[in-house]
Structure formats: structure tokens, C-alpha cells
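K.L.:
Taken in order, these protein sequences are the chains called A and B.
Using this note's numbering, you'd call the opening residue of the first sequence number 1 and step up by one each time.
Using this note's numbering, you'd call the opening residue of the second sequence number 1001 and step up by one each time.
No lab work stands behind these hints, which were simulated from the structure alone.
Quantities reported herein were computed from a predicted structural model and do not represent experimental measurements.
Hints may contain errors.
[As the list claims (entries may be wrong)] The calculated lysine-lysine pairs, modelled on PhoX-like cross-linking and capped at a C-alpha distance of 25 Å, are: (1) Lys-262/A with Lys-1335/B; (2) Lys-1135/B with Lys-260/A; (3) Lys-154/A with Lys-1203/B; (4) Lys-1277/B with Lys-1213/B; (5) Lys-260/A with Lys-1132/B; (6) Lys-243/A with Lys-221/A; (7) Lys-1175/B with Lys-260/A; (8) Lys-262/A with Lys-1336/B; (9) Lys-1203/B with Lys-165/A; (10) Lys-1336/B with Lys-275/A; (11) Lys-1232/B with Lys-1217/B; (12) Lys-1232/B with Lys-1332/B; (13) Lys-275/A with Lys-1277/B; (14) Lys-1014/B with Lys-1332/B; (15) Lys-165/A with Lys-1135/B.
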Amino acid sequence: MSLRIIVLAKQVPDTRNVGKDAMTAEGTVNRAALPAIFNPEDLNALEQALRLKESHPGSTVTLLTMGPGRAAEIIREGLYRGADGGYLLTDRAFAGADTLATSYALATAIKKIGAYDIILGGRQAIDGDTAQVGPQVAEKLGLPQITYTEEILKVDEEARRITAKRHIDGGVETVEGPLPILLTVNGSAAPCRPRNAKLVMKYKRAMGAQEKAAPACHGEKTLAYPELYEQRPYLNIQEWSVKDVEGDLQQCGLSGSPTKVKAVQNIVFQAKESKTLTGSDQDVEALIVELLANHTIG
Amino acid sequence: MNNVFVYCELEGTKVADVSLELLTKGRKLANQLNCQLEAILAGEHLAGVEAQVLPYGVDRVHVFDAPGLFPYTSLPHADILINLFKEEQPQICLMGATVIGRDLGPRVSSALTSGLTADCTALEIGSHEDKKAGKSYENLLYQIRPAFGGNIVATIVNPEHRPQMATVREGVMKKEVLDPNYQGEVICHEVAKYVPETDFVVKVIDRHVEQAKHNLKGAPIVVAGGYGMGSKEGFDMLFELAKELHAEVGASRAAVDAGFCEHDRQIGQTGVTVRPKLYIACGISGQIQHIAGMQDAGIIISVNNDPNAPINTIADYVINGSVEEVIPKMIKYYKKNSK
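Isolated chain A, as found in the complex (with noise of 0.2 Å):
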């Protein structure tokens, strides 16, 4: 008895350290000054996956992930850490895609892939915070849903039964539900367990075709190794065009997506009339005895 559990990821750009340049100077977001990292919640989801496959020996877990050739990062991070396999969706046909055009592009791959128990990932992604892929995937492939997991408690394997500790406004509730579902994953749930070193060993030099196509991304002229590739066929990332996974292009990227973003504004304060003061006794001092008299304070 296992499971097949997937698990969906996304490389993003880190906008929680973002620097002073991470703006041009025409008010552009500049997507090159911000590192691209693995979407922290959906590390959250993978750790929730590797604990399952620890306690039902036999599991497999497969990530999946969206986005441009370098997103091949994410597959190799997750197998450091005790993935076994996963796939690249990549073509240009993606870009541009909101929410929906990203669910229906996961759910085509996931349909691909072919017989689950679990669909994890994280609950939202630190670019754009919507939350809205998970709950779309689990629509599109008719599956039910739990969102905000913090921890999954149980998986009764004979009985289809999954049991699980979720967040809600002001509380916790305990869900159990069918297999196969979808569940989006807490921060508040444990955090991912480091790279393995042996693991590290054993894939770093597991590449997608266009990262090996484009040796100058790892500071090599030439690709390293390339009988390698052969002789290990787990070093080979699956990469998967819209072709590959039977996608109807109307529905993907941007002539897929219902929203369209009209305006975008960089963003500048507007300045009001401000005093400035020194943190000198006198000007403290000063400050509190102007707000007590104008009893802003009491």
C-alpha cells in the first residue's frame, strides 16, 4: 500500500528582500535584481509530502512545476530533499497566464501524469499572494478541497480517508475528506527539512533539456558530461511543452486569462506637510505635550 502524492511548486522572485534596485529607473519592476527562490509555503507542502512517504513506505512523490527553463531549480531542490521525480511545464504559450490559465496548465500536466492520491502545495505564492491556484487546480480536476493545512494527521489508505489540521479566521478545525484531494499548505506548518548531501551528490547535475542547451547558466562553456545524461536517465528533468500535455491553447497564458491588468502604478507617497523632529529630550518632550493639548492622546 502507497501513495502518489504530487506536489505543485513555483519559482519566484524573493520580494520579501527587496533591495533599492529592485525597481529601474522607469518604474518597472527589475525582475533580474531579485533572486529566484522556491516559494516558501510551497517547501511547506513538500515537507508534508516526504513525511507521508516515510510512513507509508512505498509513496512516491512528483513535483510539478510552471514557469521558464531555470525553473528546473525547483525539481532539483525537491529532489535534494527526497522527491523522486517531477516535470518542467515550459513554453512560451504559458507566460502571461493569471490564476486560471495557471490552474488549467497544472491540471493538463496533472492529467498527464496520470493516477494520484494527494495533490499538495503551498497555500499562496510570495508574487502575487492570491491563493487562488490550489482551490483552481482542485475545481478543474473535480477533486475536493483543503486549504490552509497545517498538518495532515492521518491517511487511512484502506478506508481512502485523509485527516487534517487546517487554519481558519480565529482558530483551527480538524477536516477529514476522500482520497484523491488537494490540499494547499500553512507556513505555519512544519518548515521543509534541509538538502540531503547524499541526494545533492546524486542530482546536482540533474538538468532540464534547455538548461543543458544553455551550458553558460552553470559558467560552463560546453555542457559537462554529456554521456552522463545516458547513462543516468534520472539526471534528465522532464520538460513539457503545451503540446505535450494536450493543452488548448485559448486556455493558456494570456489568451487564457479573464483578468487583465489595466494600470500599473509605481509607487510613490504623496507627501503630505510633515514636521521633523530630533529624538532630543526637548523635541520628545515637546511632541507629547502638543498631543496631549490637542488630546490626541489622554
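With the hints as your guide, set chain B onto chain A.
P.N.:
The following block gives chain B in isolation, referenced to the frame of chain A:
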């Protein structure tokens, strides 16, 4: 048909504040669009609950009252909205950016292939021109939200798809009764027509909801700390100042992420929105997500040793100094002068 709908969240038989705030906003949007405002209530033992929503100017209340609809689970509530919307063809649907709204909204939008914008900080009506397609649109819902980690503010529209769906956090919109005697129609739907029995597959087996430990949202004075407070101990100083001023303590996301302060005190787009008469920002640089949660404060004081901190541009008083130095002085001089 083509009206503005608000999904009203229930805790037992009490309608959530965020839903009443959205009804207030929905009424204004409906007036602008010259259409009606409709509310959806789904739960159990709902007789009389419509009285909580009608005063906000609701023209029609759709009641779905059946065992199993409370506590909330995704599938039955999603099917209520999906099937009701197929009949009613709303042009706009609003819901709270709560755990429930963020669980329900995407599912409904996916089934109806309609666009959904999460965590909007403003909603307006306006026109839109799609130059590429050579089409222009009138009376679209502008869904405005900070994006990309708050470095930009994006205005999102859904030109072709209905309903235009948006979620909004609690406290972002104002709650205002329109008329305590407002007359609206109450429609009690037969739940089984909308929700197949197979939807009740996920069971809530245990549930704990606690009353909030503090009243940050309603506090007239807020003392908020950022990453610049440096530590949990740094926040102790803020609690001391707050105790003197009868204020509540809030925090920026950076401070919460760093573990200086509990998550339920986070102010900003992904936390609580506050409108105090006085806001004292200590060691907060002022990311747009934070600003979104406190910019309507009456008076803003920023204590920061970086004179170029973005928050200083919206502050009424900027104190250039370290928090370690200034806050104890504030406590000291408040004690000295208030008695």
C-alpha cells in the same frame, strides 16, 4: 439579473463584519451601476438572519438554510454560488479575503471561468479600452491591489468574463448602515436543487474558534513596530508605551516574520487594516503593503533612524532617532506631562 452580489460569511448565525463592509461597498457600486444589491446567506438555522444584512441596502437576500452548510466546507458553498450565478448572471461578486473567501472564490471563478482578484484595497467603476482588440468597455469593476511584493499597485479588470469577482480583507472598506428599515426581498432556496449530496464529502470533525485576544482593529491609538525594533525585547518597550497610552500594539510583516511579534498583530495588506486617530510607527520602513493597512490613520508619527524611510513621506511627525532612544523618552515625558 446583472446585479452586484455579496457572499456573506457566517459564524453560526452572525454575519461577519467583512461581509457587512462589502455590502456597504456593494451598495455604492450598485448605485453607480444603476442595479440592485443582492446578498447570499448559506448556513444552518438562518431564520431572521436577513435582518442583519437588509439595513445595508440589500434588495434581495438569497437564503440557503440546510444541515451541513455550517461549519463551512468548500464544495457545498461553491456549488451554491456556481449554480445561483448561472441563473442570476451577476456582473460583480464580492467576498471577504478571509480563509473562507479565499477557499471559495477561486473554486467558483474556476467553474465559471470568471476572473478573480484577491485582496483588493480599492474597488471603483470605470471604462477600459483594449487597443489591441479595438474594443472599449464601460462600467467595469476596477480591482485595485498592491502586487509584486508591494512594489507596484495594479488595476485589474475582467473585460469579457462575468461575474467580475474580487476579495477584500476585513477592515479595508467602511461599514455603514444605509437605512435600518430598508425593505428587501428574502428568497429561501431549496438547497438540494443547488447542492448534490456528493458535495458533503469533507467533514469538519473538530473546531476551535477563539475570540480575538486584542482589539487592534478598533483601537484609537496604535503603536506599531517594524524590523527596526530588532528583537522581541524591543517590542516589550512598545507594549510599555502602549500600556501608558491605552493603545494596542501592531507590527509590520517583517517584524512578524522575524518572530518579534505574534502574527495576529500584523498590520497591512495581509494583516489587519487599522484606522486609529494616532499611529506611532517605530522602526517601520513603510512597505506599501504596510501602508495599505494604516494610511487612513488620523495622525502618523514615524520614529526611524533612516531619514529616507518611505513611511516618513506619509507621516505628520518624523522623529529622526533610534527607537531605543526615543521610545523611553516618549514614555518618560508622557508620564511627566499627563498627570
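K.L.:
What hints, given by number in increasing order, does this structure fail?
P.N.:
Violated hints: 1, 6, 7, 8, 14, 15; rest satisfied.
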